[in-house]
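S.K.: Chain by chain, the residues run as shown.
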Amino acid sequence: MSRPGNRRPECHKIDWHLPAISSSASAHSMNRDLFVLTYGALVAQLCKDYEKDEDVNNYLDKMGYGIGIRLVEDFLARSCVKKCHSYSEIADLIAQVAFKMYLGITPSVTRNESSRNEFSLILDKNPLVEFVEELPAGRSSLCYCNLLCGVIRGALEMIHLTADVTFLQDRLKGDKVTEIGITFLKKLEEKKCRRKK
Amino acid sequence: MADETLFQLLHTEVVAAAYGGGRGSGDEGQRTGLTVLEGMGFRVGQGLAERLPRGALVFREELDTIKFLCRDLWGAVFRKQTDNLRTNHQGTYILQDDNFPFLTQMAWGQQYLEEAPKFLAFTCGLLRGTLSALGIESSVTASVASLPVCKFQVVIQKA
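Each protein sequence line maps, in turn, to chains Z and X.
For the first sequence, the numbering used here begins at 280 and goes up steadily by one.
For the second sequence, the numbering used here begins at 315 and goes up steadily by one.
In isolation and in its complexed conformation, chain X is listed as follows:
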């Protein structure tokens, strides 16, 4: 099944929809749009994790869970793995993707730096939602220095 193309096209339309519905433009509109996208991603991430077979989700350590995100979740959503994972071993993880599929179709470099966050918000929510369903509360933010390279920072909330 050629899922990835269809999903990517749907994602593009979803980003556009998040900024419609009378939410308006400007900074306020931008923030609301990002919140909407992140929220959607969160629900989808939870749903995805809930549907996985129980056996697939037994992780001994936090790091194993993050590796699951980098390999299996990324593999299922983007047909590739993340390119780099860094951690301070104190609950902060940086997942780097050098060729993020939602950004590759846009001009590489810095031309669309301002627009890039729109295309990352859903994925941030997706990560946060998946972790939440696995019992881990976190906050996920994304940053782009130069398209299509982006970094997702996952900070695990300690209880």
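Here chain Z stands alone, though its shape is the one from the complex:
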């Protein structure tokens, strides 16, 4: 029995093409440590430079933005993903491919039922805070990983989507989980799947 030539595309199923994982376990872990340690040194330096937590948070977001607008090209080149047709697909892409590719984790995606544009990424594990037990004294409003928000925001902007990205919950601040909220601002036209008759 032969397979049907044209399969009706299922809206929720996406064909990910993931790049091969790098070899050499020790180099791999050294590389991950390198990023995490550098990020820690960066936050420490920013805390020295700026007295207010808000300023550090803003600067981290700005830096993240600068990284995101460039990172997205690298991401698109490596991942060969097909065009997304909904915000939901994009949120899944960010969580299941992008986070996996660059940080080695897969946050889960939840969606705000009342609004079609609001999504949350729940980070069970966060490699960036691997060496951080708690926020430094006097820095209770610091969003340690705010760089991530800027990265997501910058990357989305390069593919012509504006979004508000903020930390809704943070384990470092005593919350149960770490949650990043993404609110898509501009409406993306949703294409309905057409049946072939």
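No wet-lab data here; the hints were simulated from the structure.
Keep in mind that a hint or two might mislead.
Where chain X lies over chain Z, by a calculated footprint (3+ residues, C-beta under 8 Å) [stated by the list, open to error]: (1) 309-316; (2) 343-353; (3) 370-378.
The calculated lysine-lysine pairs, modelled on PhoX-like cross-linking and capped at a C-alpha distance of 25 Å, are [unchecked claim]: (4) Z:Lys327 x X:Lys432; (5) Z:Lys327 x Z:Lys452; (6) Z:Lys341 x X:Lys432; (7) Z:Lys452 x Z:Lys404; (8) Z:Lys452 x Z:Lys331; (9) X:Lys432 x X:Lys394; (10) Z:Lys362 x Z:Lys379; (11) X:Lys381 x X:Lys394; (12) X:Lys394 x Z:Lys379.
Derived DEER-like restraints, expressed as beta-carbon distance ranges [claimed, not checked]: (13) X:Lys394 x Z:Ser308: 15 to 21 Å; (14) Z:Asp334 x X:Ala459: 35 to 41 Å; (15) X:Gln410 x Z:Glu333: 32 to 38 Å; (16) X:Asn402 x Z:Lys362: 57 to 63 Å.
As the structure is a prediction and not an experimental result, all values here were calculated from the model.
In this text, a Cβ means the ideal position worked out from N, Cα and C, and glycines have one as well.
Let chain Z serve as the given structure and place chain X on it in line with the hints.
M.R.: Only chain X this time, still in chain Z's reference frame:
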């Protein structure tokens, strides 16, 4: 994991941040910025070395330690090895990279010679920090004659 791209982008932002924070421009600002970057690299280098399995760090000679930097450290950070290693066998080593990843994105040649040190300071600190965690005190400087070729000079301090 596509670590190297993310790290390189982070490094670029870190260089920019080192020159922000009201440190100002001019020679004074330049020197402070370089010191900040070197300091950050030092802390990261120490942290990295401390996290390696003990077995990986047993070196019979000083030269073996330097070779570790050229092969394994460079491999982990830049996904390549250094292109040349020279030594006078008296504690001075020159690590040469003909295609230093932090410089390849800038125009090759001499156009950005003045800016180049900013992109080398962190790595100098990284080398110094790694050696320090391995029990070796050193001073590390970098020089560029023509991008993207650069040389890191490691001088081991004798006790």
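S.K.: Confirm or reject each hint.
M.R.: Here is how each hint holds up against the structure:
| no. | hint | in the structure |
| --- | --- | --- |
| 1 | 309-316 | holds (count 7) |
| 2 | 343-353 | holds (count 5) |
| 3 | 370-378 | violated (count 0) |
| 4 | Z:Lys327 x X:Lys432 | 20 Å, holds |
| 5 | Z:Lys327 x Z:Lys452 | 20 Å, holds |
| 6 | Z:Lys341 x X:Lys432 | 20 Å, holds |
| 7 | Z:Lys452 x Z:Lys404 | 15 Å, holds |
| 8 | Z:Lys452 x Z:Lys331 | 17 Å, holds |
| 9 | X:Lys432 x X:Lys394 | 21 Å, holds |
| 10 | Z:Lys362 x Z:Lys379 | 19 Å, holds |
| 11 | X:Lys381 x X:Lys394 | 13 Å, holds |
| 12 | X:Lys394 x Z:Lys379 | 23 Å, holds |
| 13 | X:Lys394 x Z:Ser308: 15 to 21 Å | 18 Å, holds |
| 14 | Z:Asp334 x X:Ala459: 35 to 41 Å | 39 Å, holds |
| 15 | X:Gln410 x Z:Glu333: 32 to 38 Å | 45 Å, violated |
| 16 | X:Asn402 x Z:Lys362: 57 to 63 Å | 59 Å, holds |
Of the numbered hints listed earlier, those contradicted by the structure are 3 and 15.
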